[in-house]
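J.: Here is what each chain is made of, one letter per residue.
Protein chains: 2
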Amino acid sequence: MQPARRPGGRSAKVRAAVHDAVIDLLREEDWDTLSIARVAERSGVHQATIYRRWGTLPALVDDAVTEQLAKGSPVPDTGSLRGDLEAYAMQAAADVAGPLGHLYVRAAQVSTRSEDYQTFMAERAVQLEVMLARARERGEDPPGLLELIEVVLAPIYYHAIFFNRPIGPEHARTYVDRLLRLRAG
Amino acid sequence: MQPARRPGGRSAKVRAAVHDAVIDLLREEDWDTLSIARVAERSGVHQATIYRRWGTLPALVDDAVTEQLAKGSPVPDTGSLRGDLEAYAMQAAADVAGPLGHLYVRAAQVSTRSEDYQTFMAERAVQLEVMLARARERGEDPPGLLELIEVVLAPIYYHAIFFNRPIGPEHARTYVDRLLRLRAG
Chain F
1 MQPARRPGGR
11 SAKVRAAVHD
21 AVIDLLREED
31 WDTLSIARVA
41 ERSGVHQATI
51 YRRWGTLPAL
61 VDDAVTEQLA
71 KGSPVPDTGS
81 LRGDLEAYAM
91 QAAADVAGPL
101 GHLYVRAAQV
111 STRSEDYQTF
121 MAERAVQLEV
131 MLARARERGE
141 DPPGLLELIE
151 VVLAPIYYHA
161 IFFNRPIGPE
171 HARTYVDRLL
181 RLRAG
Chain B
1 MQPARRPGGR
11 SAKVRAAVHD
21 AVIDLLREED
31 WDTLSIARVA
41 ERSGVHQATI
51 YRRWGTLPAL
61 VDDAVTEQLA
71 KGSPVPDTGS
81 LRGDLEAYAM
91 QAAADVAGPL
101 GHLYVRAAQV
111 STRSEDYQTF
121 MAERAVQLEV
131 MLARARERGE
141 DPPGLLELIE
151 VVLAPIYYHA
161 IFFNRPIGPE
171 HARTYVDRLL
181 RLRAG
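Protein sequence lines correspond, in order, to chains F and B.
Just so you know, we're using full-length UniProt numbering here: the first sequence kicks off at 1 and counts up by one.
Just so you know, we're using full-length UniProt numbering here: the second sequence kicks off at 1 and counts up by one.
It cannot be assumed that every hint is accurate.
Stated by the list, open to error - Across the chosen pairs, the derived CB separations fall in these ranges:
no., chain 1, residue 1, chain 2, residue 2, range
1, B, 83, F, 27, 43 to 51 Å
2, B, 99, F, 115, 21 to 29 Å
3, F, 140, B, 124, 34 to 42 Å
4, F, 72, B, 99, 26 to 34 Å
To be verified - Just a sample of chain F residues kept apart from chain B, beta carbon distances all over 10 Å, derived:
no., residue
5, 37
6, 44
7, 45
8, 59
9, 78
10, 90
11, 129
12, 168
Bear in mind the hints are in silico, worked out from the structure with no lab data behind them.
For glycine and all other residues, C-beta sits at the position ideal for the given N, C-alpha and C.
Next comes chain F alone, as it looks inside the complex:
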């Protein structure tokens, strides 16, 4: 490649092309068959460029998946606690059932110590805290963030990982009922 005249612009384009190739390949095939050679072929970016920029395949996958996660659905704002929680639960179930669902789990396993992943998790936590704070401002009695994660999000992931069978939206909605019963009880 020629030296870039506008390094920011070209750099961003290379990054996007490589990220897209990683995510496409991970949608289509097994994680274990992924290689930098295949990413280069798919993205049209030279292997040497990829190695220079990301160093290793795990670092590249980490970067691509974390960015993909960050693009994820915004937290809902429906005007009521139950509405927000149901929309959130149904969206989470759909995400985990979707073509990138297994990535979220695998990313957590390889990335929990990476700074990008920690940043992503922290930002997501803040967004959810804002959703719960809105309910409090409306005079509702929202759960804490940890309770929301444990009662609603954890079983959504458990089904996908251990039963290899993601749940549907109606099943996800029952977790919200459970959470609200715990608050009321």
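Model the placement of chain B on the given structure of chain F, informed by the hints.
T.: The following block gives chain B in isolation, referenced to the frame of chain F:
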């Protein structure tokens, strides 16, 4: 190796030695550095024997981990529903926090479609159903198996996978409180 005179006995010994080597190596180091060569070196069993018997590294890991899971703790029988649930939750939290904890998750990801893993999950489900049936016979009102898994087991795994920080026994016990509050409410 010489042809075995007692094929059952030698076969079982080879299997145990290879399994032990796999589990030891997985305790000590990253999954990704495991190889049949390293298993051969550690177990003292020829690579050719391992290849002939298991075919591939994933098949070998699957077999070793599933057997390890099956050796896991028996379900408790304390004489009360709360006692059984608390012992079960605390044991599960300890297992996930232990040196093989990450194996359980990784095994589920690679094995959910394997017959051995399905058999293991089905056997474990039966054991838990027996524990819940004992409570019913004593006149208690136990949860269903799915409710137990979703409310108690799922968050134990979620903490370990997504926060990379397994919970302690007292935290696990709060999930039992939650489950019993849902039953009472």
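J.: Look at each hint and say if it fits the structure.
T.: So, going through the hints one by one against the coordinates:
Taking 43 to 51 Å as the suggested C-beta distance range, the pair residue 83 of chain B and residue 27 of chain F conforms, at roughly 47 Å. For residue 99 of chain B and residue 115 of chain F, the hinted distance range of 21 to 29 Å is satisfied, since their beta carbons lie about 26 Å from each other. Judged by the Cβ atoms, the range 34 to 42 Å given for residue 140 of chain F and residue 124 of chain B holds: they are separated by roughly 39 Å. A beta carbon spacing of about 33 Å between residue 72 of chain F and residue 99 of chain B agrees with the range 26 to 34 Å that was offered as a hint.
At roughly 18 Å from the closest C-beta of chain B, the C-beta of residue 37 of chain F stays outside 10 Å, upholding its exclusion from the interface. Every Cβ of chain B is farther than 10 Å from the Cβ of residue 44 of chain F; the closest lies at roughly 28 Å, confirming the non-interface assignment. With 10 Å as the threshold on Cβ separation, the claim that residue 45 of chain F sits away from chain B holds: the shortest Cβ distance comes to roughly 25 Å. With a cut of 10 Å on Cβ distances, residue 59 of chain F stays outside the contact zone with chain B, its closest approach being about 14 Å.
At the 10 Å boundary, the C-beta of residue 78 of chain F stays outside the reach of chain B, the nearest C-beta of that chain being 24 Å off. Every CB of chain B is more than 10 Å from the CB of residue 90 of chain F (nearest about 16 Å), matching its label as outside the interface. With a closest Cβ-Cβ approach of about 16 Å to chain B, residue 129 of chain F is found to remain outside the 10 Å limit, as its non-interface label requires. The claim that residue 168 of chain F is not at the interface with chain B holds, since no C-beta of that chain comes within 10 Å of its own (minimum 14 Å).
Comparing the model with each earlier hint shows no violations; every hint is respected.
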